[in-house]
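Based on the sequences and whatever the hints tell you, model everything.
Taking this note's numbering, the leading residue of the sequence shown gets -1, the next gets one more, and so forth.
Calculated directly from the structure, the hints in this document are not laboratory data.
One should not assume that every hint holds.
What the hints assert, rightly or not - Just the calculated beta-carbon pair ranges, DEER-fashion: (1) Leu100 to Phe124: 14 to 22 Å; (2) Ser70 to Arg157: 34 to 42 Å; (3) Ser70 to Ser158: 29 to 37 Å; (4) Trp143 to Arg81: 32 to 40 Å.
If you're wondering where the values come from, they're calculated on a predicted model, not measured in any experiment.
Beta carbons: idealized from backbone N, C-alpha and C, even for Gly.
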Amino acid sequence: MILAMYTTWHFRNGCLFKGENDIKKAISFFEKFVEFSSSAENILIRNTKKEVIPVVPQYYLTINTDITIGISCFIIVMTVRDREGKLVYLASEKVQNMEPNLAKLKAIGWATSIAMDLKLGFSFWFCDSLSTISTINSEEEPCSWDTYLEASTIRRRFRSNPWSMH
-1 MILAMYTTWH
9 FRNGCLFKGE
19 NDIKKAISFF
29 EKFVEFSSSA
39 ENILIRNTKK
49 EVIPVVPQYY
59 LTINTDITIG
69 ISCFIIVMTV
79 RDREGKLVYL
89 ASEKVQNMEP
99 NLAKLKAIGW
109 ATSIAMDLKL
119 GFSFWFCDSL
129 STISTINSEE
139 EPCSWDTYLE
149 ASTIRRRFRS
159 NPWSMH
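Below you can see the structure in the form of structure tokens.
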């Protein structure tokens, strides 16, 4: 839709400023545009991959962590929901500025300590940062010292609890 609006606006400006008000050119242009957009849509539909979201077993909790970037700080957030999606627990904390990837890792470290205190048990953990997920699930050692300490602590917590990161 945005592409259509942009293209139409671009064509309109071209006609106004170049003096090309020929209706035949306009019809030809829009026919080509419709043909292009319909073929592009077919390609997108064929190439779209469906994301596989794990089905949460009845006795599992779903835990989400995220960060919000502010001007002078980050806010880290943790939500815990049951299988029906009802909010069980919510927590947030203000932390100092740092790299976003490190902040995501710190958010999970902070959330795992809360989860251990609450004895949450079987849980699926979701994070929207693929690099953070791969750092936690990987057996390789991270190269950054801060990342190393956080990742090793989080890995130890995940190994000692019935949790899985997705």
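Do the hints match the structure? See the list:
no. : hint                         : in the structure
1   : Leu100 to Phe124: 14 to 22 Å : holds (19 Å)
2   : Ser70 to Arg157: 34 to 42 Å  : holds (36 Å)
3   : Ser70 to Ser158: 29 to 37 Å  : holds (35 Å)
4   : Trp143 to Arg81: 32 to 40 Å  : holds (39 Å)
Violation of the numbered hints given earlier is absent; every hint is satisfied by the structure.
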